[in-house]
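S.K.: Please build the complex by placing chain V on the supplied structure of chain L, with the hints as guidance.
Chains as they are written, first to last, in the numbering used here: chain L, 14 to 465; chain V, 14 to 465.
Hint data in this document are derived by calculation from the structure and do not stem from the laboratory.
All of these numbers come straight from a predicted model, not from anything done at the bench.
Be aware that a few hints might be false.
When chains are identical, the list treats them as one kind, so a pair holds in a single copy or across two.
Derived EDC-like pairs: lysine to aspartate or glutamate, alpha-carbon spacing no greater than 16 angstroms straight-line [to be verified]:
(1) Lys148 with Asp98
(2) Lys148 with Asp52
(3) Lys86 with Asp184
(4) Lys286 with Asp384
(5) Lys74 with Asp384
(6) Lys102 with Glu147
(7) Lys67 with Asp384
(8) Lys332 with Glu363
(9) Lys361 with Asp150
(10) Lys45 with Glu85
There are 2 protein chains.
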Amino acid sequence: MKLIDTDILVLGGGPAALVTVSTALQNYPDKKITLIKEDEISLVPCGIPYIFGKTLAQSSKNIMPFSPAVAEKTTIITDTATSVDIESKTLYANSHKITFDKLVFATGSTPFVHKSFEDALHLKNVFTIQKCKEKIDQLKDYLEDKQKVIIIGTGFIGVEMATELRSIGKDVTIVGGRHILAGSFDVDMAIEAEKIMQEMGIELVLGQYASRIVQSGSLAEGIELCDGGRIDGDVIILATGYQPNTQLAKNAGLKLAHYGGIWVDEYMRTKNKDIFAVGDCCGRRDFITRDPSKVMLASTSASEARVAGSSLYGLQYLKGFNGTIAIFSTMIGNRAFASAGVTEDRAKKENIDYTVGYFQGLNRHPGTIPDASKQSVKLIAIRSSGQIIGGQVIGDKEAGEVINIIGLAIETELSAHHLVSLQVATQPLLTAAPTTYPIIKAAEQIIQARFQ
Amino acid sequence: MKLIDTDILVLGGGPAALVTVSTALQNYPDKKITLIKEDEISLVPCGIPYIFGKTLAQSSKNIMPFSPAVAEKTTIITDTATSVDIESKTLYANSHKITFDKLVFATGSTPFVHKSFEDALHLKNVFTIQKCKEKIDQLKDYLEDKQKVIIIGTGFIGVEMATELRSIGKDVTIVGGRHILAGSFDVDMAIEAEKIMQEMGIELVLGQYASRIVQSGSLAEGIELCDGGRIDGDVIILATGYQPNTQLAKNAGLKLAHYGGIWVDEYMRTKNKDIFAVGDCCGRRDFITRDPSKVMLASTSASEARVAGSSLYGLQYLKGFNGTIAIFSTMIGNRAFASAGVTEDRAKKENIDYTVGYFQGLNRHPGTIPDASKQSVKLIAIRSSGQIIGGQVIGDKEAGEVINIIGLAIETELSAHHLVSLQVATQPLLTAAPTTYPIIKAAEQIIQARFQ
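Only chain L is shown next, with the shape it has when bound in the complex:
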């Protein structure tokens, strides 16, 4: 048992932990910082699907690097934490006892599996997507000589796994809700993504759910659908979401929020001002309703980690924006799909009096520029004020940054009136035309809609 005393102790190995450490290093250069993580090697979480296709092709190409500053100035321990005693400010691990002044939980999340599938988890060909190199390598090895893959779950991970596995010639069936990516895209946008997946030859089984995994000895043979239908497969991947990894925090007596995340205030502090939690293990709030949010994103985690890492010894600035805006992007085929804030569907559910602006233009100008392609922007705004509360973008790769313009507009509580006179850089080879910049044109529609 090795004894260590540290000022700041960060527990975890993902982006939240890493960013907490690097932010703390910047803000408290004189403090002793220790990171304890379970695995020697951390994977880039959102890169995991790309290990399975041609994009990265191997897990060793998806390693999260430690910056030289972090590696040099931080004590990094690979060990499994077993308990935390908040009273004595001590963390116990298999072979370490660490006393700390400030503790940050960044223990991440583990796959969520429906009760009805739990029994099937021991089968050789049923997998979840765990953020652990060893487990990912096991799945990749197993897939090597298998042809028929069933993916249960149509969130980002399920969809990205489907497209990557299809790209290396697997027969892929994906099973899930009425439309894919339902939390982030309205039906009008989702069907464009579904069309591309179908063109790629992916079998979409939508508006269904898998009621049972059919076993035969130590293997799954396939799944049974709620309508009684059956799909056979060589491998079944459960991509049905993640849940906060909070056992340690719970055992330590920390308060949990809804959905099992560690309760934190807007500055990522638990009820104890010396204990913080960041990333997927903490309880998140929605930016519109402040209700608990299930959103799990590395970028949200990084944002939380920057707040925590600079607030450990007292708040240094007030956060400009509260809650999680759920800002995502992904690529399906050669099109990027991105979303921020609330969808139209969600606005309806929350009983928001909203209006929509939609514009489809091109991402270059004039349209004769060789790589020009369509760019669609949908904006959702509060009807009375025109305040932007959501947006969705489909386009080429630039859509990944266009959504960040919309995200910033949401965070800064801009209205459509602000957006219509926005000064944007436009350039033939790089962007839409100044005359038809899609965000601005969609904002115009929101203003017009108010008069109708």
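M.R.: The following block gives chain V in isolation, referenced to the frame of chain L:
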């Protein structure tokens, strides 16, 4: 002489005119709108350099389209306006007399030529870049069998002309200030662009100016430099900026601003509330100092046109942001260069107490993603408050939208503290990593710099 009576008359054929018309159509669907323009066909102004290389290769691929709504609901006249009588609200053209209720000048700009070169303009092989299809075709035809091109001026048009002409094998020499794109990029960023141009085989003659064009009969033989050196060439292109085209407005008695633009208030109104001016022909103000600004950009023009087009019969909203932030982007080789707000150099000149944040990362994550390349972000902020007043980006094509995030941060008066907890969408195939998103990392540096 044809007599026409209209409610709204827009004078011009560029993006400012077009957007004024389409915005007015949306806001005042019951008004009669007339557009009078000099040329039958309008070119996309920022697409002009790409006519000369392989990208567009012909002017017919660079035509600015009129939307069906505009074409259908607007009276479009091709004629040359000769005078405006503000008293009687009448515009006279060669073969039209048009009475109006509201008039919008969108007469654009014409090439600015230094006094010392004016005499050379009549030479067969000396050209300016005019926003007129006929003139562009003339230059393109002339260049056909010529090899040595000298470009005077290192602004965006000069640089874009240089790279496009080089891409089709011309020997190109570009002559100008100490560094290219000096108004928009600091030296540290500009030298990266210069390196690429040199690698392309473009001859850069910097820190010099052309003192004289050397004539021989009806042709120019080359130029003489201020240090006495001489460069020979087959064609000389003057890319030394543009000046507002305001003769008509001046003759009508409208007040002019500095640099000759038509004086307008923040709502694009001249001193006469029925007469507006938008685009390059109007006087602009800098967003930092409110001093006159020489910036001429189609995107700025479009923004002004949206303000004017919705304010013709009374202001409908207060502008959220005053002044021109000079937000540009371009491509040099396969790298995008983008800039918004003030450069470090300008901040010094304005005696602003500023700090700088700079981060170079990658535009994908992990760095093993096949098309990953460097992305550099430089932010300039007021030291005391951390308020962002400028930014520069070098990257792949996504940089064209990254600068618009920075532009929005400037327009909404965000500080570096806001930016560090920004929620951004990050995705392996589309963006930088959540842990090292360059805008956020540069903002962190600004905060750190304040403590030093």
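S.K.: All hints, please: hold or fail.
M.R.: Hint check results:
no.: 1; hint: Lys148 with Asp98; verdict: neither (30 angstroms within a copy, 80 angstroms between copies)
no.: 2; hint: Lys148 with Asp52; verdict: within (12 angstroms within a copy, 67 angstroms between copies)
no.: 3; hint: Lys86 with Asp184; verdict: neither (48 angstroms within a copy, 52 angstroms between copies)
no.: 4; hint: Lys286 with Asp384; verdict: neither (53 angstroms within a copy, 44 angstroms between copies)
no.: 5; hint: Lys74 with Asp384; verdict: between (29 angstroms within a copy, 14 angstroms between copies)
no.: 6; hint: Lys102 with Glu147; verdict: neither (32 angstroms within a copy, 79 angstroms between copies)
no.: 7; hint: Lys67 with Asp384; verdict: between (23 angstroms within a copy, 13 angstroms between copies)
no.: 8; hint: Lys332 with Glu363; verdict: neither (25 angstroms within a copy, 31 angstroms between copies)
no.: 9; hint: Lys361 with Asp150; verdict: neither (42 angstroms within a copy, 54 angstroms between copies)
no.: 10; hint: Lys45 with Glu85; verdict: within (12 angstroms within a copy, 71 angstroms between copies)
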